[in-house]
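This is what each chain is made of:
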Amino acid sequence: MTLSHTIELSVNGRPRTADVAPRLLLVHFLRDTLGLTGTHSGCDTSQCGACTVLVDGAAVKSCTVLAVQVAGRTITTVEGLAQGERLHPIQQAFWDAHGLQCGFCTPGMMLTAIDLLARSPHPAEAEVREALSGNLCRCTGYQHIVAAVQRAAAAMRPTEPAE
Amino acid sequence: MVPAEFGYVAPRTITEALALLERYGDSARLLAGGHSLIPLMKLRLAMPSMLIDLGEITELRGIRDDSGTLVIGATTTHATVAANELVRARYPVLAEAAGQIGDVQVRNRGTIGGSLAHADPAADLPAVMLALDAQLNICSPAGARLVAARSFFEGMFTTQLAATEMLTEIRLPPLPARTGTAYQKAANLASGYAIVGVAVVVTLDSDGAVAAARIGVTGAGAQPVRATTAEAALAGRVPGEANLSMAASAAGHDIEDPLDDMHASADYRRHLVAVHTRRALERAIAAAG
Numbered sequence: 199m200t201l202s203h204t205i206e207l208s209v210n211g212r213p214r215t216a217d218v219a220p221r222l223l224l225v226h227f228l229r230d231t232l233g234l235t236g237t238h239s240g241c242d243t244s245q246c247g248a249c250t251v252l253v254d255g256a257a258v259k260s261c262t263v264l265a266v267q268v269a270g271r272t273i274t275t276v277e278g279l280a281q282g283e284r285l286h287p288i289q290q291a292f293w294d295a296h297g298l299q300c301g302f303c304t305p306g307m308m309l310t311a312i313d314l315l316a317r318s319p320h321p322a323e324a325e326v327r328e329a330l331s332g333n334l335c336r337c338t339g340y341q342h343i344v345a346a347v348q349r350a351a352a353a354m355r356p357t358e359p360a361e
Numbered sequence: 005m006v007p008a009e010f011g012y013v014a015p016r017t018i019t020e021a022l023a024l025l026e027r028y029g030d031s032a033r034l035l036a037g038g039h040s041l042i043p044l045m046k047l048r049l050a051m052p053s054m055l056i057d058l059g060e061i062t063e064l065r066g067i068r069d070d071s072g073t074l075v076i077g078a079t080t081t082h083a084t085v086a087a088n089e090l091v092r093a094r095y096p097v098l099a100e101a102a103g104q105i106g107d108v109q110v111r112n113r114g115t116i117g118g119s120l121a122h123a124d125p126a127a128d129l130p131a132v133m134l135a136l137d138a139q140l141n142i143c144s145p146a147g148a149r150l151v152a153a154r155s156f157f158e159g160m161f162t163t164q165l166a167a168t169e170m171l172t173e174i175r176l177p178p179l180p181a182r183t184g185t186a187y188q189k190a191a192n193l194a195s196g197y198a199i200v201g202v203a204v205v206v207t208l209d210s211d212g213a214v215a216a217a218r219i220g221v222t223g224a225g226a227q228p229v230r231a232t233t234a235e236a237a238l239a240g241r242v243p244g245e246a247n248l249s250m251a252a253s254a255a256g257h258d259i260e261d262p263l264d265d266m267h268a269s270a271d272y273r274r275h276l277v278a279v280h281t282r283r284a285l286e287r288a289i290a291a292a293g
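If you're matching them up, the sequences are chains S and W in order. In this text, residue positions in the first sequence follow this note's numbering: the first is 199, and each later residue adds one. In this text, residue positions in the second sequence follow this note's numbering: the first is 5, and each later residue adds one.
So that you can see chain S by itself, here it is in the shape it has in the complex (with noise of 0.2 Å):
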């Protein structure tokens, strides 16, 4: 009954293969089986969002997903967002905004916020607030984190030609 299951997936761009038992949580794949630990373990249900990943772009709560379900899927993690030392937009408006105290729930904010920015590039205020209402921040720090996606919604615009 427990034979494992051999996965294909691309994680972070790197293709990966393993054998995983079919009630391995994907949070756990990435953090134990992969040593990823940028994907935080919260509440355990569903709620809390800091286990947030991208499955071919759109955010899902990596507690509530088996390791056998996202077989051939592309995973993005916090680890995936950096390009090299250049951080990707949204890391650069949270350090440059101040979107963080203790830093628990960042990852989970950040890649909820692109699943958000790539659906809509122009979001107001309201918007923002709404799409991060899965992802929960107990040092209440929700000002800032707003703040930090309206700017990376700025920086991630595409330019405008120059006349």
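Where hints are given, some of them may not hold.
To be clear about the criterion: a stretch of chain S counts as covered by chain W if any three or more of its residues have a C-beta under 8 Å from a C-beta of chain W, and this derived list gives those stretches [claimed, not checked]:
hint, stretch
1, 208 to 222
2, 241 to 248
3, 259 to 273
4, 309 to 316
The hints are simulated quantities; they were obtained by calculation from the structure and are not laboratory data. Positions of the beta carbon are idealized from the N, C-alpha and C atoms, including for glycine.
Got chain S; can you put chain W on it based on the hints?
What follows is chain W alone, placed relative to chain S:
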């Protein structure tokens, strides 16, 4: 929390999935988005010995027009439903409700068919399915049958689905001209679940009177219901203060046995049904123009 051990299989076609379901019977569960089932398995409230993952079955996903009927595949996500142009244009009440389920991440995984088959009494979509008079296509190795949403739900977490059956499609009949819709809910502030949710579909005739009204209510009782007394109070009348008040109040009383729990008392649920029915009716009538 970790689920109990189970076997896992991911068929590629509906036919394969049905054969597996027949083979494993009651010990198997179908896995769609997993946003109800996986939490239950982590809590060990559900301990299937075999999971049949529907995620690789492309024929179960997507939204298409079938001669005016909109057909939504069972494993289409809430996010896809909420953003779909056909849904938004023809059944705005469904886009509105699907866009309020859980949060972004939940809507990216949770599916319309999974939600309906799970039949959580506090789910949003059952109310919408009743108001839209949806037909549900149910397949088994013996063939397919269409069941009206109205007779699909049998109680808390209980539907017409037999152990060897699978919900494959949601079929929405076209709405007449001059039809307006709206979904209103009193959401639990922490979970977003509907303490009560009211979906309304109203069609006006050329005199501005109500030609047809369907009111689906979720969250209030063990299963979603149509508020039929309220619907009757509107039929044939030009909407006005008197009959809207009467209909709203009747909707509250259409809930025969309201849930009474830590979220809301039975009386308060009836009150919420009346309030949200009134608000939904006003919006739907305005939209019907």
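(message) Taking 8 Å as the Cβ threshold, is the statement that the stretch 309 to 316 of chain S is covered by chain W upheld or broken by the three-residue rule?
(response) Our answer is that it holds, as 3 residues pass the Cβ test (under 8 Å) against chain W, meeting three.
(message) When I compare C-beta atoms, does the stretch 241 to 248 of chain S have three or more residues closer than 8 Å to chain W?
(response) Three-residue rule met by the stretch 241 to 248 of chain S, so holds; n is 5.
(request) Check, residue by residue, whether the stretch 259 to 273 of chain S contains three or more positions whose beta-carbon lies closer than 8 Å to a beta-carbon of chain W, and give the verdict. (result) holds (count 7)
(request) With a C-beta cutoff of 8 Å, work out whether three or more residues of the stretch 208 to 222 of chain S approach chain W closely enough for the coverage to hold. (result) holds (count 3)
Going through the hint list in order, the structure satisfies each hint without exception.
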